[in-house]
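Chemist: Below, each chain spelled out in residue letters.
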Amino acid sequence: MASDEPCLIASKSAVRGQISGKQDLVVEGRVEGRIGLESHLTIEESGSVEADMDVSQVTVKGEARGDMVAARSAVLHATARVAGKIRAPQIVIEDGAKFSGTIEMEVELPAGIKAGGA
Amino acid sequence: MADKETVIGLETRISGEVRGEEDLVVRGRIDGRVQITQTLTVEKGATVQAEVDVRHLVVSGTVVGAVVASESVKLTSTARVVGDLAAPRVMMEAGAAYRGRVDMGDIAAARAAVSSRAVQRSATGEKAAIRPAPPRMAMAAKAVIAGKVSVPVAPATPAVRQATSVAPATGAPGPASPPAFPRVAGAMGAMAPAWAKKKIRRR
Amino acid sequence: MGNTVIGSSIVIDGEITGEESLTILGTVKGKISVAQNLAVEAGATVEADVEAQTVTVSGRLTGNVVARERLELKPESKMVGDAKSPRIVIADGAGFKGNVDMDV
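Sequences listed follow chains A, B and C, in order.
Mapped onto this note's numbering, the consecutive letters of the first sequence carry residue numbers 261 to 378.
Mapped onto this note's numbering, the consecutive letters of the second sequence carry residue numbers 241 to 443.
Mapped onto this note's numbering, the consecutive letters of the third sequence carry residue numbers 80 to 183.
The hints are simulated quantities; they were obtained by calculation from the structure and are not laboratory data.
Warning: the hint list may mix true and false statements.
Unchecked claim - Here are the simulated distance ranges between beta carbons:
#  : chain 1 : residue 1 : chain 2 : residue 2 : range
1  : B       : Lys284    : A       : Ser273    : 41 to 51 Å
2  : A       : Lys374    : C       : Glu148    : 32 to 42 Å
3  : C       : Gly122    : A       : Ser333    : 43 to 53 Å
4  : A       : Ser271    : B       : Ala352    : 38 to 48 Å
5  : C       : Glu155    : A       : Ser333    : 51 to 61 Å
6  : B       : Lys284    : C       : Pro165    : 33 to 43 Å
7  : A       : Ser333    : B       : Glu245    : 34 to 44 Å
8  : A       : Ser273    : B       : Thr277    : 43 to 53 Å
9  : B       : Glu261    : A       : Arg276    : 52 to 62 Å
10 : C       : Arg147    : B       : Glu261    : 29 to 39 Å
11 : B       : Gly335    : A       : Gly356    : 27 to 37 Å
12 : B       : Gly335    : A       : Glu298    : 34 to 44 Å
Unchecked claim - Partial list, derived from the structure: chain B residues whose beta carbon lies under 7 Å from chain A:
#  : residue
13 : Arg295
14 : Val298
15 : Val322
16 : Met331
17 : Ala334
18 : Ala337
19 : Tyr338
20 : Arg341
21 : Val342
22 : Asp343
23 : Ala352
The beta-carbon is built from N, C-alpha and C at its ideal position, and this holds for glycine as well.
Turn these sequences into a full structure, and let the hints guide you.
Modeler: Here it is, written out as structure tokens:
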């Protein structure tokens, strides 16, 4: 997947619009709009993304806001500040990360336990 | 005497409300409501289907219900959790499965939302009641009685005085029918989506 | 040991059922049904109908007790309620008010 050098939005750069591709993407600056990748999105500590994200993997160390769909995994590092919705088969939230919003995963409950109401 | 850890064993199930000011470890099952000022640990294989209000929550088993933790929530790799979480610190390990809304902001509001639901429930009278058993009495020769025995309030008194010689009473019926215990229904209420109001700081 | 212990600051309102032993140091109101032993320790308060293999009371128990094997009220214990068990031991110093039924 990660064919070449990862694509980098450097810290003093901003992108408004849609980013799509098969290459890994590292955001140190700012992105607003939509990100659709068949690869790994990394939002560095200085990075800020306000977008709907549809990626294979996402690693957040900075700020993100929007709907986040990761086909494989989403990792929120301790410095992450995230608001919105996350959907992924595997989600890691480190101690210190701030997240507000909704998480959607498949949850297999034991027999006889219904998720509808406690 | 206070320093035994509270454990709900593997084969034990509680339906109702658990409150306390110490750590609680669940290996079995709790249905209802848990309010603990310390740490609630739900071990692998254990199930808590309840509204949870604690300081710390550590889940390796299953939790279904709204959770408010004043300090932290940790979902380990085997956790299976469905329900809204409100806590200033939320940790999730790889492998944990979770569905619901996470709020790391306004814990007080989330707690108020949870407890107002509890108030509504108790107002509808879903409370455990202890029913007195019908009076009945018999005593056989094997009895060992020493000390203050003040017997009984009920009309069946005389039998006790003949205690050592009397044959077992016939037809003693079974115990009083069990009291109803509180059953917790109620949907997981909506917490105010605090994140929705927040704006990401711009640099 | 996989047994259940209810600590001294814990209050349970509801029903406890189990296949193992239960030790109560705190407060339980409602109903208790365990396959093994129930110990109501000193300082504990139980307001519940109780069913267990053996029941040992050192604290306070209000409610009807069915102990399939044995009921023991320790010194300083207080029990109010009907007791049903094939073997009942009430120690010197125990307080008991209720009916006793040993036809089990």
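Chemist: For each hint, tell me whether it holds in the structure or not.
Modeler: Against the structure, the hints come out as follows:
1. Lys284/B with Ser273/A: 41 to 51 Å: With Cβ atoms ~46 Å apart, the hint holds.
2. Lys374/A with Glu148/C: 32 to 42 Å: About 38 Å separates the Cβ atoms of lysine 374/A and glutamate 148/C, which means 32 to 42 Å holds.
3. Gly122/C with Ser333/A: 43 to 53 Å: 50 Å, holds
4. Ser271/A with Ala352/B: 38 to 48 Å: 41 Å, holds
5. Glu155/C with Ser333/A: 51 to 61 Å: 59 Å, holds
6. Lys284/B with Pro165/C: 33 to 43 Å: The hinted range 33 to 43 Å holds for lysine 284/B and proline 165/C, with Cβ atoms some 39 Å apart.
7. Ser333/A with Glu245/B: 34 to 44 Å: 35 Å, holds
8. Ser273/A with Thr277/B: 43 to 53 Å: With Cβ atoms ~49 Å apart, the hint holds.
9. Glu261/B with Arg276/A: 52 to 62 Å: 53 Å, holds
10. Arg147/C with Glu261/B: 29 to 39 Å: 34 Å, holds
11. Gly335/B with Gly356/A: 27 to 37 Å: With Cβ atoms ~20 Å apart, the hint is violated.
12. Gly335/B with Glu298/A: 34 to 44 Å: 24 Å, violated
13. Arg295: 15 Å, violated
14. Val298: 12 Å, violated
15. Val322: 4 Å, holds
16. Met331: 5 Å, holds
17. Ala334: Holds, about 5 Å.
18. Ala337: Holds: closest Cβ of chain A sits about 4 Å from alanine 337/B, inside 7 Å.
19. Tyr338: 5 Å, holds
20. Arg341: 5 Å, holds
21. Val342: Since chain A brings a Cβ to about 5 Å from valine 342/B, closer than 7 Å, the hint holds.
22. Asp343: 6 Å, holds
23. Ala352: Cβ of alanine 352/B sits 17 Å from chain A, so the hint is violated.
Checked against the numbered hints above, the structure violates hints 11, 12, 13, 14, 23; every other hint is satisfied.
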